[in-house]
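Residue numbers (the numbering used here), protein chains in the order written: chain R, 318 to 923; chain F, 4 to 352.
Keep in mind the hints are simulated off the structure, nothing from the lab. It is possible that part of the hints are untrue.
Negatives, chain R to chain F, calculated, CB over 10 Å [stated by the list, open to error]:
1. P448
2. D481
3. N537
4. V553
5. T582
6. D648
7. M735
8. D764
9. A768
10. Q774
11. V787
12. V815
13. D827
14. G840
15. P856
16. I904
Across the chosen pairs, the derived CB separations fall in these ranges [as the list claims (entries may be wrong)]:
17. R:G355 / F:V89: 50 to 60 Å
18. F:R290 / R:P767: 48 to 58 Å
19. R:P838 / F:E228: 18 to 28 Å
20. F:A18 / R:D642: 19 to 29 Å
21. F:E300 / R:D764: 29 to 39 Å
22. R:G746 / F:P170: 51 to 61 Å
None of the values given here were measured: they were computed from a predicted structure. Idealized CB from N, CA, C, for every residue including glycine.
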Amino acid sequence: MEPTNTSDPDYFHRVVDCQWACPAHTAVPDYIRLIAQGRFADAYMLNRESNVFPGILGRVCDRPCEPACRRGRIGVEEKPVAICRLKRVAADHRGDITARLPTAPAQKNGKRVALIGAGPASLTVANDLAPLGYQCTIFEALDKPGGLMRSNIPSFRLPAKVLDEEIGYIVDMEVDLRLGSPVRSMKALLNEGYDAVFVGSGAPKGKNLDLPGRQEAADNIHIGIQWLESVAFGHVDSIGKRVLIIGVGNTAMDCCRTSLRLGATDVKVMARKPRAFFKASDWELEDAEEENVEIVINHSPKSFVVEGGRLTGMMFEKLEYTVDDKGEITDQKAVGDVFFPADDVVLAIGQDNAFPWIERDLGIAFNKWDVPTVDKTTYESTRQGVFFGGDAAFGPANIIWAVEHGHQAAISIHRRCMGLPVTERLPRGVNLRSTKMGVHEWSYSNDFDPAARRKMQHVELTQRFEKLDVEVELGFTAEEAATEVERCLNCDIQTAFVPQLCTECDACIDICPVDCLTITPDGEPDAVAARLTVPREVPSQPLFVSSPLKLTGRIMVKDENLCLHCGLCAERCPTAAWDMQKSSIHIPYAGNEPGGHVPCQQRKAG
Amino acid sequence: MSYIRKPNITYKGRAKNALGLSESSYEGTMSTLCAGCGHDSITAAMTRAFFELSIPPNRAVKISGIGCSSKTTAYFLSQSHGNNTVHGRMPSIATGAAAANGELHYVGVSGDGDTLSIGLGQFAHVIRRNLNMLYVIENNGVYGLTKGQFSASAAFGAKTKKGEVNPNPPIDPVKMGLALGASFIARSFSGDKNHLVPLIKAGLRHKGFALIDVISPCVTFNDHEDSAMSYKYAFAHMHTAADLIENKPEITADFPEGAVVPVTMHDGSDIYLKKTDPDYDPTDRARAFEYVMRHQEKGEIVTGLLYIDESRKDMHAANQTVAAPLNTFPYEQLCPGSAALADVQKRFR
Numbered sequence: 318m319e320p321t322n323t324s325d326p327d328y329f330h331r332v333v334d335c336q337w338a339c340p341a342h343t344a345v346p347d348y349i350r351l352i353a354q355g356r357f358a359d360a361y362m363l364n365r366e367s368n369v370f371p372g373i374l375g376r377v378c379d380r381p382c383e384p385a386c387r388r389g390r391i392g393v394e395e396k397p398v399a400i401c402r403l404k405r406v407a408a409d410h411r412g413d414i415t416a417r418l419p420t421a422p423a424q425k426n427g428k429r430v431a432l433i434g435a436g437p438a439s440l441t442v443a444n445d446l447a448p449l450g451y452q453c454t455i456f457e458a459l460d461k462p463g464g465l466m467r468s469n470i471p472s473f474r475l476p477a478k479v480l481d482e483e484i485g486y487i488v489d490m491e492v493d494l495r496l497g498s499p500v501r502s503m504k505a506l507l508n509e510g511y512d513a514v515f516v517g518s519g520a521p522k523g524k525n526l527d528l529p530g531r532q533e534a535a536d537n538i539h540i541g542i543q544w545l546e547s548v549a550f551g552h553v554d555s556i557g558k559r560v561l562i563i564g565v566g567n568t569a570m571d572c573c574r575t576s577l578r579l580g581a582t583d584v585k586v587m588a589r590k591p592r593a594f595f596k597a598s599d600w601e602l603e604d605a606e607e608e609n610v611e612i613v614i615n616h617s618p619k620s621f622v623v624e625g626g627r628l629t630g631m632m633f634e635k636l637e638y639t640v641d642d643k644g645e646i647t648d649q650k651a652v653g654d655v656f657f658p659a660d661d662v663v664l665a666i667g668q669d670n671a672f673p674w675i676e677r678d679l680g681i682a683f684n685k686w687d688v689p690t691v692d693k694t695t696y697e698s699t700r701q702g703v704f705f706g707g708d709a710a711f712g713p714a715n716i717i718w719a720v721e722h723g724h725q726a727a728i729s730i731h732r733r734c735m736g737l738p739v740t741e742r743l744p745r746g747v748n749l750r751s752t753k754m755g756v757h758e759w760s761y762s763n764d765f766d767p768a769a770r771r772k773m774q775h776v777e778l779t780q781r782f783e784k785l786d787v788e789v790e791l792g793f794t795a796e797e798a799a800t801e802v803e804r805c806l807n808c809d810i811q812t813a814f815v816p817q818l819c820t821e822c823d824a825c826i827d828i829c830p831v832d833c834l835t836i837t838p839d840g841e842p843d844a845v846a847a848r849l850t851v852p853r854e855v856p857s858q859p860l861f862v863s864s865p866l867k868l869t870g871r872i873m874v875k876d877e878n879l880c881l882h883c884g885l886c887a888e889r890c891p892t893a894a895w896d897m898q899k900s901s902i903h904i905p906y907a908g909n910e911p912g913g914h915v916p917c918q919q920r921k922a923g
Numbered sequence: 004m005s006y007i008r009k010p011n012i013t014y015k016g017r018a019k020n021a022l023g024l025s026e027s028s029y030e031g032t033m034s035t036l037c038a039g040c041g042h043d044s045i046t047a048a049m050t051r052a053f054f055e056l057s058i059p060p061n062r063a064v065k066i067s068g069i070g071c072s073s074k075t076t077a078y079f080l081s082q083s084h085g086n087n088t089v090h091g092r093m094p095s096i097a098t099g100a101a102a103a104n105g106e107l108h109y110v111g112v113s114g115d116g117d118t119l120s121i122g123l124g125q126f127a128h129v130i131r132r133n134l135n136m137l138y139v140i141e142n143n144g145v146y147g148l149t150k151g152q153f154s155a156s157a158a159f160g161a162k163t164k165k166g167e168v169n170p171n172p173p174i175d176p177v178k179m180g181l182a183l184g185a186s187f188i189a190r191s192f193s194g195d196k197n198h199l200v201p202l203i204k205a206g207l208r209h210k211g212f213a214l215i216d217v218i219s220p221c222v223t224f225n226d227h228e229d230s231a232m233s234y235k236y237a238f239a240h241m242h243t244a245a246d247l248i249e250n251k252p253e254i255t256a257d258f259p260e261g262a263v264v265p266v267t268m269h270d271g272s273d274i275y276l277k278k279t280d281p282d283y284d285p286t287d288r289a290r291a292f293e294y295v296m297r298h299q300e301k302g303e304i305v306t307g308l309l310y311i312d313e314s315r316k317d318m319h320a321a322n323q324t325v326a327a328p329l330n331t332f333p334y335e336q337l338c339p340g341s342a343a344l345a346d347v348q349k350r351f352r
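Next comes chain F alone, as it looks inside the complex (with noise of 0.2 Å):
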């Protein structure tokens, strides 16, 4: 970690938004992490996509659970709201917030053990119910504040920094959301923004459960020679399934007819999808699955915007309900007293 923080200088020549702010806007505390850690470069991430979109700060809501990932909440957006919440228990309090306001941009920010350990069940409930929101995985493969022990995401076979080897096989959120239904899927690596920050804007504006699992080196437990989840590892086995871009291409040479392919996002924009790969087609679940399967067999990490539904609803349309914040309702509408309880009681008598 560094004990400075990072002063706040408009410099000439400094980008703004549409909303006037420049990004330092959109920054939090000092972070604490180790140097070098993925996670910092994954709040570096969400910090530009959020000033790109131009989402006033005070229109966003974070909420984490416990982990070296979840501190990162407090090191971006801190003219946010947020909530550092219990652990592997963050998908319920986003349900609660996102149920109270619907307005409001939900970023969830969790990790490898918050997730697929001890949060493995609200995990599951929270792709179910298509909640609203943004699910971002930090995911190094070990438990870093306890000391680099393996967690539930590291590969069968990895070795840990004094050599031993990791006896089980790897959950895969990827393939998990695909199981279960989510309607945005995505892989990224930390040390790639260019490719990082596309797929968060995208899923921010994605009306539903957007899951994007980030590779996001442990510079202090893994990132060692026999890691799966290094730096160097990482760069190597990145294999690009669909790369998203953020204008319509020309059609040339390199972004000939059908290698791009537009996807009309819930408000009506689109988003361009560019297939490295022909055989991709990120709308057919079941391909997806084999896709991401057949290459992880060959030690590759499978990234990009791995599957897309827009049709699905979300939360609130599947239970059809108000789709105003409940903070702009009177009292008495929210609360109609205890005639109007005993009425509805009497209705399933």
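Bound-form chain R, shown alone (with noise of 0.2 Å):
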């Protein structure tokens, strides 16, 4: 087989799930270290260093690190780390550490940026781009920043104090953040003469759903983002005791939850079907849960009844499915109408990208589906030095994507102001560095910790409605922080291989505890994979293969999928064939660029 190329900054990588299933890869085992050594402030400058809202994400990040986590997948009633609420740890017990925070040169570069929506993605650009020189104006359509994060995330999941707090730190860097300013004209706002814009406006149009009666009962039928808006901002304050959400999103979740706590006290999130097909994250489904949502599946929306002109409730065809082997719907029949009294109807379908405000002879190619056409490494439009991000780029997704998008942007439009090309980009890298501190010693916990996730204590839910804002995550206790750190594998402190060195003893393979590691003949890749101590369980993950080893010329493979990078094969390696070395992703970003404040190979080792 052809040796693993380790050298590849994408190999190491990999290994660290959480970091590789991130958007913004944030360096996850780093963090989590520095928390379980008591260093919060740290801890938060090196999250904020890549995801920039700590304190949000460590509270309602849509945690694509943790599904991926390798703890999850070792035993068969293990959890992943909880990765997002340690984060909140970091966040929550900072302390001050504003004088950490980069700031914006008193000589400025010349070059004007005009960012529209003050969402996560705008608000990443003028983080990345402030502390280079450049003058960034934020266009916010409403009276408060946040975009999303504010109108959409219900303030009992995220108060708003986190929110002023982390968009503050970027404001403060003397961008012009303009509020109640809608952009109604990208042709008159490229007149102004900046030297690039960034649309990072979201997808702000809720789905309709357009069944009879949705005229008549128009009152009490509620487009859901635009409805969590008006709740957050004051405009709405109450809903009917009955209420049906159509949707099992995320944002079905938020409306559901949110109606409780406006009055209703029967709600009931209505799906088209089964629950292995939700959209909805399994821990926003369990928290609704917990607030006696009932979540009704297998209905699908008819119509609207209307008795008197006002809405009495819904007709939903109730629906069976077939599922074949694969768990993919094969068919589905209908079985009959039920009725669903209700007394107000959210609708949470989804939600599309709108620019009627661009107009269309302007160089920005939209395609078929009337969104504009974005290139998805650098984020420009058709025409030079328009960049669009977060939602706006290629719909809805979620707030870690949107600050990539906003870092990849910033990237692009620093290249384009300083007249370089936008695709030639710094690429990745990777530094290993050994952990051996001695005979037996290594620079981190490595000592398998078998205990169980934390789970996240809730306040009391007599008390959780009474107010609209109360935060219903309590958030982790130091001792729950503390052994939940313990479980975190430290997948970046890689098992490097050097094959000149191993005897071949076995020492290695004897010590594995999950067995991952065989000297085997080499061959195809088929005949050595079906040789492995432990057939593969997850294809998808890779396999290390060593060149040729000295005394047999049998070769040294490695399923990386269970390893728990306890380090034991390099204890037991008496030639030190075998070492952890602790890797450290470099991820570029536009101060790293040409005329940035940190060239990269200043940038520290992690």
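Reconstruct the complex from the two isolated chains, following the hints.
Now the structure itself:
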């Protein structure tokens, strides 16, 4: 087999499943170790480098890192490390970090950037560019900044104070934030002579459901994201007793829980499909169900029922599905109609981006779905100097994706303004550094901790509905955090192998607690895979393959799937052919580009 | 050695044996041997063999003498019976235990010093008695615990780590076993578990004395360039006479008829010997002796199942002792009292 090229920065990066899965590639094990050491401010600053909003994301991130977490793959009962909530621990206990924040230089670079929408994407662009001397102007339609983070995420999940603080860190870098200033014409904006324009206006158009009765009952039918915005800004403060939520995504979860806080007592979430097909994250479903929201499956909306000019409920078609072995729906049939009474209905069936304010003759091409054509690497539209990011670029995703779009767009904007080609970007890099400190001492906590995932404590049900903004999650206690950090397997402490040193004594294979190592004759990939100590459970996880070993010409193969990074192979290796080495993945930002404030070579390894 | 206990993890896809146990149920305490010691690999092979044979851990007995090798009984089968005995006297304790209860699986672990120097007499007599046990010699050619002096198995002319030359010829346990009439004789190498595990399994199933001499490099004192028991030397000089394979192979180009010889074990099941050398006959003691001698003169280490005789009676059968374990008898029957003793004595007057 072809030996694995471990000098490819992506190889070791991929082993750190959480960091690889995170759109912004936050160095998760690094910050968890800092939390373990009580270095909360350091953990916060490390987070901020990549994800910009640790306090916000520590509460409401969609956490793609957690389903990817190695810990969740190990045993049948194992759950991933509570990465997201540990981020909140760092944010909650960071103390005063204002002196460590980047600042805008007194000497500006003479470039002006317009940012449309004060959501996470635009704020990230400002965060990356303001320290380089750019004059950033953010145009926000609403009276407060934050975009969807403020208007759509209820305050019982994300307190306003957290938002204000973290947005403040960016705005305080001499960013010109213009609230209540919707951009009504792109042409007019472009005429103002900005060096670059970034569109981070989100996907603000909630989908409608045009069924019979929709017009007659309009007063009691609400579009989810607009309704949540009205609640967030105090324009709506009540709802009927019986509420039906149509749709079962994360917005639906926010709608049903918000309804309970506005006076509803009977809230049902109506889903067309069975539970396995829900779009909402498991944990958001759990939190809604904890509040006694009923989730009704297999009901497709048919009509709004109106009596005497007032909504009385909805008629649904009950469906039955045929699901095949792979879990895919192969057939469905209707088995009769069912009526559900309701005082109000909230539609949470999706959202679109809409750009009625962008004239179509500006050289910004729109595709057949009437969304702009945006380059997936540079985030530039077909008009040079106009960039898109966040939900505005490729439709609804989540905050952490918007942040990553912002980072990448900032690089492009900087390169465009410096007259450099935007398609040429700094590559990612990786540094490896041994963690061996003595004969049997390692600079990380490598002993496997069998503790189960800590469960987040919530405010009592009776208390949490008293006010709209009672934050439900209490955050981890010191003890819970101390236990949870030890569950992290330190996947960034890599098993680095030097085949020339191996004496093929088998010590590593014997001691490996998950049997992920094999020494075997070289051969075709299938033949080698068939000889592994334990058959591969997850073929999408890579195999590490060494070059031929010195004594027998056999190869060392490691299935990266289950490795615990416990370091026992390196402990037991008589010749240090195995070593545990800390990998630091270098993710370039605008500041690392030529003309930036931190050239890549000077960045310290994490 | 390592200072971190191997965690017990029931990972997804972990194999279970017929008893529903995973291999971790057959492991022992943390090894305190040097990192890379061949003995630790033999420990892992032992764990694997007991796991694969689905032997309940509480039906096994581990006995050892003194030395690095003899420490290893602590590192596997922590739920089994065990006795770390006197230097070179493991065979006597094993004989006593087996005499009292012949139903358990006896595993003796010894080293080249414990077996071929201080314990040579005991070793010879336990072979003679054909005690039903597996006797594994973890053979590294040096006295590791006393800082690396030559042991009785060190090759003639081999050098210590400091360069001293060995003036004496070695005692070869395989040739001793052949000479003394052992009924199961094998040699293997700690670095090759595919070879070693089937031999341990066959040795455990053999009804009688099963001797496996395992070359087990001492990483600290005998893994250097001039050693004849280093990993490098062993990998380069292993000569397999007859490999054991677990299942009956289909006759193919790789396994032509005649190359695979079935051997019927005492329990009626078959094991299969793959003769890598057509010259070899593992049922002919004299030819086996000659074969081992001839290849040794070329500096080779002859490995594999070298001799097997399933027909010889073990100690219990030869002495016509009672089949049931003594602990199953009521006290009155085990110790019938002074009247019965007087009756027996009368017969000799």
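Hint check results:
Under the 10 Å C-beta cut-off, the non-interface status given to P448 of chain R relative to chain F holds; the minimum distance is some 44 Å. With 10 Å as the threshold on Cβ separation, the claim that D481 of chain R sits away from chain F holds: the shortest Cβ distance comes to roughly 44 Å. With a closest Cβ-Cβ approach of about 49 Å to chain F, N537 of chain R is found to remain outside the 10 Å limit, as its non-interface label requires. With a least beta-carbon separation of about 48 Å from chain F, V553 of chain R lies farther than 10 Å from that chain, consistent with its non-interface assignment.
Every beta carbon of chain F lies more than 10 Å from that of T582 of chain R, the smallest distance being close to 43 Å; the non-interface claim holds. Distance check on D648 of chain R: its Cβ is at least 32 Å (rounded) from any Cβ of chain F, clearing the 10 Å threshold; non-interface status holds. Here M735 of chain R stays apart from chain F, with its beta-carbon at least about 50 Å from theirs, past the 10 Å limit. Not every CB of chain F lies more than 10 Å from the CB of D764 of chain R, the least distance being 5 Å, so the non-interface label is violated.
Residue placement check: A768 of chain R keeps its beta carbon more than 10 Å from all beta carbons of chain F (closest about 12 Å). For Q774 of chain R, the shortest C-beta to C-beta distance to chain F comes to about 28 Å, beyond the 10 Å cut-off, and the non-interface label holds. Residue placement check: V787 of chain R keeps its beta carbon more than 10 Å from all beta carbons of chain F (closest about 40 Å). Once the 10 Å rule is applied to beta carbons, V815 of chain R is consistent with being away from chain F; the minimum gap is 15 Å.
Under the 10 Å C-beta cut-off, the non-interface status given to D827 of chain R relative to chain F is violated; the minimum distance is some 4 Å. Listed as outside the interface, G840 of chain R is consistent with that label: its C-beta sits roughly 15 Å from the nearest C-beta of chain F, beyond the 10 Å cut-off. For P856 of chain R, the requirement that its beta carbon stay farther than 10 Å from each beta carbon of chain F is met, with the minimum near 12 Å. Non-interface call for I904 of chain R relative to chain F: holds, since the shortest CB-CB distance, roughly 31 Å, exceeds 10 Å.
For the pair G355 of chain R and V89 of chain F, the supplied restraint of 50 to 60 Å holds, since their beta-carbon distance comes to about 53 Å. Range check, R290 of chain F to P767 of chain R: about 55 Å between beta-carbon atoms, so the 48 to 58 Å window is met. Taken as a hint, the range 18 to 28 Å holds for the pair P838 of chain R and E228 of chain F, whose Cβ atoms sit roughly 26 Å apart. At roughly 25 Å, the beta-carbon separation of A18 of chain F and D642 of chain R lies within the given 19 to 29 Å, and the hint holds.
Our hint of 29 to 39 Å for E300 of chain F and D764 of chain R is violated, since their Cβ atoms are close to 51 Å apart. Between G746 of chain R and P170 of chain F, the C-beta spacing of about 59 Å keeps the proposed range 51 to 61 Å intact.
Comparing the model with each numbered hint stated earlier shows that hints 8, 13 and 21 do not hold.
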